[in-house]
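Asker: These are the residues of each chain, in order.
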Amino acid sequence: MASNHSATEKSPKRHKVEGPKKHIIAFIFSVLLTFIAFATVISGEINKDFIYIILMGLAVLQVFVQMAFWMHMKDRGHTFAIMGILTGVFIVFTCVIMAEYWAWW
Amino acid sequence: MSAHSHVEGQLPHEPEKATLEGRNKVLGFWLFLGGETVLFGTLFSAFLALRHQVLDGPHADELFKLPIVALATALLLTSSLTSVFAIHAMHVNKVKALISWLIVTVILGAGFLGLEIYEFYHYVHEGHGFTTSAFSSSFYTLVGFHGAHVAFGITWITLLILQLARKGLTVVTAPKVYVAGMYWHFIDVVWVFIFTVVYLMGKVV
Numbered sequence: 001m002a003s004n005h006s007a008t009e010k011s012p013k014r015h016k017v018e019g020p021k022k023h024i025i026a027f028i029f030s031v032l033l034t035f036i037a038f039a040t041v042i043s044g045e046i047n048k049d050f051i052y053i054i055l056m057g058l059a060v061l062q063v064f065v066q067m068a069f070w071m072h073m074k075d076r077g078h079t080f081a082i083m084g085i086l087t088g089v090f091i092v093f094t095c096v097i098m099a100e101y102w103a104w105w
Numbered sequence: 001m002s003a004h005s006h007v008e009g010q011l012p013h014e015p016e017k018a019t020l021e022g023r024n025k026v027l028g029f030w031l032f033l034g035g036e037t038v039l040f041g042t043l044f045s046a047f048l049a050l051r052h053q054v055l056d057g058p059h060a061d062e063l064f065k066l067p068i069v070a071l072a073t074a075l076l077l078t079s080s081l082t083s084v085f086a087i088h089a090m091h092v093n094k095v096k097a098l099i100s101w102l103i104v105t106v107i108l109g110a111g112f113l114g115l116e117i118y119e120f121y122h123y124v125h126e127g128h129g130f131t132t133s134a135f136s137s138s139f140y141t142l143v144g145f146h147g148a149h150v151a152f153g154i155t156w157i158t159l160l161i162l163q164l165a166r167k168g169l170t171v172v173t174a175p176k177v178y179v180a181g182m183y184w185h186f187i188d189v190v191w192v193f194i195f196t197v198v199y200l201m202g203k204v205v
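These protein sequence lines map, in sequence, to chains Y and S.
Here the first sequence is numbered in this note's numbering, starting from 1 and rising by one per residue.
Here the second sequence is numbered in this note's numbering, starting from 1 and rising by one per residue.
Since the hints were derived computationally from the structure, they do not count as laboratory data.
Do not take every clue at face value.
Heads up, simulated DSS-like pairs for lysine-lysine below, C-alpha to C-alpha not over 25 Å straight-line [as the list claims (entries may be wrong)]:
1. 74/Y with 25/S
2. 167/S with 96/S
3. 96/S with 25/S
4. 25/S with 94/S
5. 17/S with 167/S
6. 17/S with 74/Y
7. 21/Y with 94/S
8. 21/Y with 17/S
9. 176/S with 17/S
10. 94/S with 17/S
11. 94/S with 176/S
12. 17/S with 22/Y
13. 22/Y with 176/S
14. 176/S with 74/Y
15. 96/S with 176/S
16. 65/S with 48/Y
17. 65/S with 203/S
18. 22/Y with 94/S
19. 96/S with 22/Y
20. 48/Y with 203/S
21. 21/Y with 96/S
22. 96/S with 17/S
Chain S extracted, bound-state conformation (with noise of 0.2 Å):
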């Protein structure tokens, strides 16, 4: 095993910025990630602005449960932890340490993900729908953005784990590990903003 990756070189302190393609890769995602705080906050000001409208349907101090957005939000800011612990296991060139740590991540972040699908389901049910009122239809949108990006980040870090199993951690891998425990850094930064945004300030009346 330490034969092998002699041959091959060893692996550099931060990997991911070890070629011009990683550290090109972190600076595009970057830019990436600017553009993604404008869409979130152009959603954000659409719900800000479309909040108090609900028409027959329920006011968001009714609806919320804030409980299960306590529950949701203790996932989500536990798998942001374990995310940077999986980075920093990278960093030590530990795989299985970086691996385990990753799919520590996904299974919080699927936790999370099943959270809010329930969350949602119960809303339904209590006459919050997609249509309802221009709250609630920008409350979805918002929300289920942010829930998309969760599903979309659970899937690409579950690919990566794969990637990594198979290939091992070199200076092509470790750009793209970097880059989605960013991602996932990012989700967890928007989502405080919609639990205090929309739960909490909803909460206050």
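Chain Y extracted, bound-state conformation (with noise of 0.2 Å):
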């Protein structure tokens, strides 16, 4: 017990503590999407609803990559977390396709 004690005591970090290596990666991919829908808004000259497109693609990927790296979704023991927020996905998905495409017809 107590050899077992110091064990742990001495190595702390053997745990696999993630280093902030992905996570700078992940904010440089953020800045990167990011950047890139800007940039196509304001170069504009493309067809709108192509730059629609593009842009949820870019907001989607971007989402992805933080929830993730940033809120851990990638790691162990996320299934709740996933079923959670993909029930509320469902359900804004429905919301949003209602107002954009019934609201006004």
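Both chains are sitting in their own frames, so use the hints and assemble them into the complex.
Answerer: Structure (structure tokens):
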């Protein structure tokens, strides 16, 4: 018991504590995706519907990156979290489709 | 210092999940975030349905200034990174680094909030009041709700910093910090959709 305790004490970093490296990569990704989104709109001259699709794609991708890395959703034991958020997203999706395509029919 | 922490028992790896209470807190917070997703989703859908109903007020593309939005985005995105650094400092049991990163996060969040207040003030002077049109009402409700979340997050994390300074990092304070970090990331995630749907799509005519 005592030796067990000192063993964990001696090397507390032996547990895989993730370095901040992955988070910096996620940050660079987020900055890049944000930059592309702004640049697409500022440059203009592209078909409106096409821009909408690009922008939504970039946003979804960025949120995916941030949730996976920064909110630790890629880690083990996040099944419940993923289910909770997906339930929310499903309801949101229904609302958005309703508002965008049905409200002004 | 080290003798003291030895008496208390060493802080376990991932202290936020060391106790049942901590685990329940994280789990409950995910439920809360699911509810928050729905809250913002309904505000987004209201905005999407009403964003072209401008009456006599200004249109989105003549109102919005992208540079200020880009600056706000940069501030909030960086604050999300500093809060993840704070959680990392917590996981390697460095209380001072944890508190410092949280302070940086709060400052960046306050900068974001200041920009948003300036932006709203500017819009109202351009004739874009809360009751000007369905577009302006849904805009202020959606973006204002997000701003209120930022304001709440700043207050919350500030109080956590004070508590950390007094009580240090324990299995009781660690879940609070972790959950506040998740909240802050969620705010940033919502902002990603706000700058995309409200500002960038508003600029595309």
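Asker: The structure should be examined with respect to each hint, and the outcome stated for every one.
Answerer: Status of each hint after checking the structure:
no., hint, in the structure
1, 74/Y with 25/S, "holds, 19 Å"
2, 167/S with 96/S, "holds, 12 Å"
3, 96/S with 25/S, "holds, 24 Å"
4, 25/S with 94/S, "holds, 22 Å"
5, 17/S with 167/S, "holds, 18 Å"
6, 17/S with 74/Y, "holds, 16 Å"
7, 21/Y with 94/S, "holds, 18 Å"
8, 21/Y with 17/S, "holds, 23 Å"
9, 176/S with 17/S, "holds, 11 Å"
10, 94/S with 17/S, "holds, 17 Å"
11, 94/S with 176/S, "holds, 16 Å"
12, 17/S with 22/Y, "holds, 21 Å"
13, 22/Y with 176/S, "holds, 23 Å"
14, 176/S with 74/Y, "holds, 21 Å"
15, 96/S with 176/S, "holds, 17 Å"
16, 65/S with 48/Y, "holds, 19 Å"
17, 65/S with 203/S, "holds, 9 Å"
18, 22/Y with 94/S, "holds, 19 Å"
19, 96/S with 22/Y, "holds, 22 Å"
20, 48/Y with 203/S, "holds, 10 Å"
21, 21/Y with 96/S, "holds, 20 Å"
22, 96/S with 17/S, "holds, 21 Å"
No hint from the list above goes unmet by this structure.
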